[in-house]
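> Take a look at the letters that make up each chain.
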Amino acid sequence: MTFTDHCSRIPWHGAGGALAHLVQTGFGGFYDGMAHWAITPEDVLVVLALTLLSALGGKDRVRRLVFTLPAAWFAGGLMALVFPTLLPPMVLTLASFGLVGLLVALNRHLPDAVFVLLVLVTAVIHGAGNGGAMREAGLGWLGLAGACVAVFVVASVLPALLVRIEKPAGRIAMRVGGSWIAAAALLMIGWWFRGG
Amino acid sequence: MRWMLILACLISLVADAHELRPGYLEITEVDPGVAEVTWKLPVVGTAREVPKVMFDADTQELTPPNERLTGDSRVFEWKIERTGGLDGATVRIEAPDGRFRDALASIHRLDGRHTTGRITPERPTLVIDPAPGWTRLAATYLMLGIEHILLGFDHLLFVLGLLLIVDGTRMLVKTITAFTLAHSLSLAIATFRIVEVPEGPLNACIALSILFLGPEIVRKWRGGESFTRRHPWVVAFAFGLLHGIGFASGLAVTGLPHASIPLALLWFNLGVEAGQLAFVFIVLAMQRSWKSISLRWPLALRRAPGYAIGILGAFWTIDRLVATFLI
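Chain order of the listed sequences is X and S. Residue 190 in numbering that gives the first Met the number 0 sits at position 191 of the first sequence, and the numbers go up by one each step. Residue 101 in numbering that gives the first Met the number 0 sits at position 102 of the second sequence, and the numbers go up by one each step.
These aren't lab readings, by the way, just hints derived from the structure by calculation. Mixed in with the good hints there might be a few duds.
Straight-line C-alpha distance at most 25 Å; calculated BS3-like pairs for lysine-lysine [claimed, not checked]:
1) S:K51 x S:K78
2) X:K166 x S:K290
3) S:K173 x X:K58
4) X:K58 x X:K166
5) S:K290 x S:K173
6) S:K219 x S:K173
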C-alpha cells in the first residue's frame, strides 16, 4: 500500500456526511474532544497554518490570533451544536486551510482587518465542522470545550515560539511548512472529489 | 466584575470534581475453573442500563448476577465456570449505548497468580494472560494515575492556585516538589491503612484547601503579604497531605492487587505525577508565551482564574459538607 493509498483511508470529518471518527480516551468527554481535534488532520493543519501565518506577521498578529482563533472556533462549534443543519460543505473546510497554507507559502502580509477576518471565517468553518462531529459522537458541548482548549493552548504556545525566529532560513522553513499544508489541502480535496 | 461572578457561579453549577470514576472488575478463582465475579460501578445519575461483563463461549454462569448498592457504587456478583480454567479466557465489557468509561480488571488465580488489566472503550476486550508480566501491571496503574489527576479537577485547580500565588522559578520548584512529596507520602500512608479518613469530610477539606487559595490570590493582586505568599511550599506540603489521602480514596474504589501493592502504588503515583507535571508544564508554557509576545489580557480575564478558584472552592465545600452531614 502506498502512502497516498494509506492516507486516502483516513476518515475525514466535516460537513455534509460528517463522520465522527469517535475517539474514546476513557478519560471522559472533555478529553475525548481534545483527542478528536488532535487526530482530525484538517483541524490540526488549519491551526498550524494560522499559527505560521501569524508568526510570519509578527507579535501583533500573534496577539490577535490568541484571542480570535479559540473564540471563533467555539462560536462555530456552538452554532453547529445548536443548529445541526448549519454545517459548512466539506470542500469549503478543506479549501479554507489550503488557502491559509498558500498565504503562508507566499508570505503575504495581509492588512490587519483582513487577517482577523480570515482567522474568524476559517475558525468558524472548522469550529462548525468540529461541533458537528462532536454532536454526532455524542460528546456535545463538553467535547467542544475540550477541542477549544486544545486550540487555545496551541494558539498560545506555538506562534509565540515561532515568532522569535528571525533568521531567513527559519522563515523560509515556515513558508515551506505552509506550502506542505496547501499541498495537503489539494490532496484532500482530490480525495474528496474522488469520494475517498 | 459582577458578570464574572455570575459566570463563575454558572461554572459551579456544572462543575463536578471526580464525576467519572472507572469501574472495577474482580474475578477470583475459588475452585479449579470456577470463579466469583464482582463488577463494581460508580452510581451515575439514575441510569438503569449498565455496561455488562461478557465472557467467552467456554464460560457458563453458575449463578445469575446479584445486584446490591454499597455507598456510591452498584455491585453485581455472580459465579462462573470455564472449561480449562481461567487462563486464556476473554472478558469483554459491552455498554448498551456503546459508550462506557474504562474499568480496571483484577484476576486472582487459585495458585496465587494475579493479573491486572485496564479495559477501555477503545479496547473493550481483555485476555486473561497465563503468565502476566509486571509491565502490564505498571501500564495499568500508570494510566489509572494519569486518569485520576486529569479527571480530578479539584486537584488541578489547587495546583493552578499555587502557580498563581508563587513568584520565581526557584520557589515554584520548591512548592511543586513539596506538594508532590506530601501527597506521595500520604497516598502511601492511606493506602496501607495507617491512617483512615472518612471520604465525606476529607473531600470537604480538599475543597476547603482550594477555597483557601482564592483569597490568597486576591491578596497577591493587591500587593499584600501573608504567610502563604512568603512560604507557599509549607501550605503546598500541608494541603498536599490531604490531597494524597484523596488520591488514595480514589484508588480504594478500584482496589489494589494484594500481592503487588508497592509496585501498583508506585506506578499509580508516577501516573499522578506525570499528569500533574504535564498540567504545570502547559500552564507555565502558556504564561511564558503570553509574556514573550507582551500579551496583556483585559483585567477581568486576568482575574477570572483567581475568582473561579475561590468560587469553585466555596461551592465544593458547601456541596460536600451538605452531602456529608445533611443528606
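> Would you mind marking each hint as holding or not holding in the structure?
Hint check:
no. : hint            : in the structure
1   : S:K51 x S:K78   : holds, 15 Å
2   : X:K166 x S:K290 : holds, 22 Å
3   : S:K173 x X:K58  : violated, 33 Å
4   : X:K58 x X:K166  : holds, 16 Å
5   : S:K290 x S:K173 : holds, 23 Å
6   : S:K219 x S:K173 : holds, 19 Å
Figure legend: structure checked against the earlier numbered hints; the only hint not met is number 3.
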